[in-house]
Amino acid sequence: MSSRARSLLAALAVSAALGISAPRPARAADAAPITFGAILPLTGPGAVIGTEQMKGIQFALKQQNAKGGIDGHPIRVVFEDDQAKPDQAVLAFNKLVGLQHLPMIYTAYSGPSLAMAPLTARKHVLMLNAGAQSDKLAHASPYLFNTLPTTADEVGVMVKYLRAHGKSTSVVLYENDAAGIGGRDDFVREFKAAGGKILAQEPTQFGQTDYRPALLKLAAAKAQVLFVVTTAGQKSMADQLHQMNQTWLVAGTTFMEDPPTIADPNAKGIIHTQVVANASPELMAAFKKEMGAEMGFFSRQYYNATQIMFALTEHLLKEHKAITGENLRAAIFQIKTFHGLVPMTFTTNTAVVPVAINEMTGGSEKTIATGTAH
Amino acid sequence: MLALQLLVNGIVTGSALGVMAVSFALIYATTRVFHVAHAGVYTLGGYLAWTLVHRGVPDLPALVLAMAGCVVVGSLIQILLYGPLDRRGAAQLVVLIASLGALAVIQNLIAAVYSPDILEFPPNWAGHVFPLPGGLRLTGVQIATVVVDFIAFGLTLAFAHRTLLGKRIRAVASNPFLAEITRLEPRRVHVYVMAIASALVCLPGVLGPLDYGLQPYGGVTPLLTATIAMIAGGIGSLAGAFALAVAIVVLQNLALLVMPGEWSIGVTFAIFVVFMLLRPRGLFAGKA
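As you go down the protein sequences, you meet chains L and E in turn. Under my numbering, the first residue of the first sequence is numbered 612, with each subsequent residue one higher. Under my numbering, the first residue of the second sequence is numbered 643, with each subsequent residue one higher.
Here chain E stands alone, though its shape is the one from the complex (with noise of 0.2 angstroms):
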């Protein structure tokens, strides 16, 4: 029971990390930015719905609002800061470190508005446990989690390569060279990839409050995560960012049952390291 029950809540936590690996990775693929101002926006995302939740506004609508929300933000990060960068033409080393600052400015600004404090979202329907065969107990959250994270990367994946606009994205990703002489037009194609990328992060950025509370600098850890599995599941492919995050966390929730907790991640990622070693690539490489 307890081994079935720390695979379940590995997929779950999972399945989280692979949605934020998922949309981090349509973002580095296409951009080139190593985005760590999404920690940010997947937080900022969380408080978006906390805020709207507490006026009243039901859950579903507030999360679409949030992601509303996310999305201006992200389309903003890429138009006022990384675009300007660009055309300037900044090393990758400048850009890192500016989306390091736009990370510093969007937690900063959180704790100031809403306090360092852990915030809860009212008790609702998130809470309420569900016992399921085999002795396991899910939350409404956790359920609500591995489903819709399992549907929107299903839907990323559909999108990226059954539409229009996921092909044009795809084709940037490919060669930028290419895209911007055959009227792709890369940088606007870089503003609808961050914009995409941040409603999706919102995902997970707001079910994850849900269960867990609300911290201003709780993004960043989950980020480190989902840029190791998109790391290894190799870079551009997205179903391969996923896989690993769901890997990694599941792996570190089994991990516990033949060792210490405080062993548990170091071994994993020591685990992902020799990984490297032999396929530096990643898992997916070229398999976008």
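Excised from the complex, chain L in its bound form (with noise of 0.2 angstroms):
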């Protein structure tokens, strides 16, 4: 090696190591973190679906921190788990918000999200929810926004499709919660105001698989429509509908997205309302190559609401204003559209989304019917 070649090396080897470099695209390591935090359940009966929602933040802020984060500013998640339960809700919240002063929360389950409603707005903190429905939450918090429809505004879509399809006769099977008895109320309101008649309605406990004795009872009603509200173990409802072997149109809401309860044959003719939140293929095998699972319903939800607390951070940080809970409130109402997985759009606290109506054909699903929520 001439004496060139080795200055040369030299040269690089010392600048290397001062950090001398030439100029390079920004990278997560530039700025600051700016760090939020998500309160999920991720243990207990609705662990299946929190960690369905984690995983979706957790990819999209992969993508974007590889991309260079948001002007520089790698952007982290701290993870709390409440076991879908207020009081260990609170108290996360408290942890987040009392000890690490973070300015926005993601949120899922209408109770824990309904707990932690009032403290939102006296700690002026952001929260984001992505996956629970209770119509309570429309209202809940001037700092609580919602990305889904609420369960009554899903419900309105199923019963004019109901009606429109000549059904007059209901009983509902619900879950004895925030989101089960909520969607209830909703159903039998709606139900009733389009001039159709509920003759029985019946209680499930969160988790639980054993639904015979409540769908016998249901069964003995003799209604043309079933109308069930449970936010777990839907596939023992299918195997155990398919053992009554009943003539009803059984119908839900999104929380019927269940990938193992579409794949069943038992499933056959369940009909369910479904939030648009449609993934390109590629981004579905982005994911589950990087997360090694499917991107299932609650993952595009969290990957999308996610993608708007991108749009409001950057929103901020471009008008050189503080990341709090506050500044991001107003940013929600002064982006007002988001197009993230689905064009998203702010009038009130709840975002107007297309709904569907999917039925399932015993392995896979078809939209059978569209229509808007809220």
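Some, not all, of what chain E presents toward chain L, calculated at C-beta under 8 angstroms:
#1 644
#2 647
#3 648
#4 758
#5 759
#6 760
#7 762
#8 779
#9 854
#10 855
#11 859
#12 895
#13 898
Covered by chain E, per the in silico footprint, the following chain L stretches (three or more residues, Cβ under 8 angstroms):
#14 817 to 828
#15 846 to 860
Please keep in mind that the hints were generated in silico from the structure rather than gathered at the bench. Backbone N, C-alpha and C define an ideal beta-carbon position, used for all residues, glycine too.
Two chains, two separate frames, one set of hints: put the complex together.
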């Protein structure tokens, strides 16, 4: 090696050691990280959905940080487990907001979200909900924003469909918690208002998979429709419905978007409303490669919510405003329409989004009608 | 038809809980340990069978191997946890807390290994529907549950009353001090009891999930009903524990005929509270 080449190598080694290099694009380490929080059910019966939601956020973060974060700021999210329990959610909220002073928190499940809602207003912390649908969430706090329509909005689309297809009597199977009771009340109100008649209602417990007693009692009412508002255990329910050999039409909400249930031949004929949040095949494949799982409905929802969070952060950084809950909230109404997986407009705290009605075909599902919620 | 189907469904589910109650009663009557971790062994049995079935093992050998796995885990809990605590004279509350700890470890290990998702067995004979007289419709696994659990209960009773080991277990349960000085080796008997009860609880632990799917935290609610059945049936009475477990579930199901579902569990247990006030030692106390 010539002395000139050796000098060049030495100079390169010194400059590398001193961190001197050619100009390069911004990387996710150039500026101080911006940290947000997420309070999700990561253990317990809600963990299936909570983990799916977490993966949606993590995937969006990986993609964004690989591109240099936002304006050079890496974005981080601190996850806390609330087991889908309101009391645990409040403890987690106090930890993330009281101790770590985070300006924005993701939430899921109606009970925990409603428990934290008053705290968001008191502490001026933005809360993004992309999983819970209780009607009470719409007006629970000026700082709570819902990227999903409320159950009432979704139920309205389903009731229109049912009445248009001549269904005038229904029974309701609901989960005995905030989400289930809210959904039941919405359906009963909307169905009656549309001229339908409710013949019976039966509750189930969250995480329960033995529906036979309740289904038997509901079947005795001989209704045309069984409306279901449960958030877990749908496959077992489909199998038990098949055992009963009933002629009723089984209808549900987005909660029915459960891959094992859709793949179950016994679920053939079940219809449900579905908030539209389609991902491209390329994105789905990238997600599967990166996260080792299919990009399910809730992963897509929280991926979408994270795109909203990125847009808000970028907006505030451009305007040289502090990343606070108040500023994030104001930014939502300034930006108004977000273009994540699906166009989403905020004129109130709950987004306007398209809703489809899907029918399970005993292995997959197809869209049989569409409408707009909210 | 509704009442009949509710009754039969109650007997099916009740027989599964009955076997759990019998196995729990066997442990409690002999060791005096409130073995809450039994719920973990119950859950583990299902997961072991699920793993084996997914690796191509046929259902019956998978059940037998899962029972063997439960025997090992139950015995280890006795040898490594309750035995040392017993030798150190730990109070019952301390042992209960240790048992709760063991349950948490088993549940969280299962959740970590298998994920907290509800896992389903692959479609098989279990879901096949059999139309029966009277408009009844039972699945293959429901029929298997009631048959297997009643046989298991009968065999357990026969074992306790007609075999040498069964009599030895009853002797230890009846008077541990006398059993010690007559060289019945109560501590060794405790291990045998844990092994037998763990194998026994594996039966509903596998058959139940064939019907409803597997959840890591799914064993606690059945154990609660099984515990109440054991107490109401009379501590020490295996028949009492089984009969009361069936009665509780049948009552819960039939209560639906006259009241909404959210009231049925509360009202059923309220009846048992009144019953316990009138007969605090249980229905079959002293008839082990």
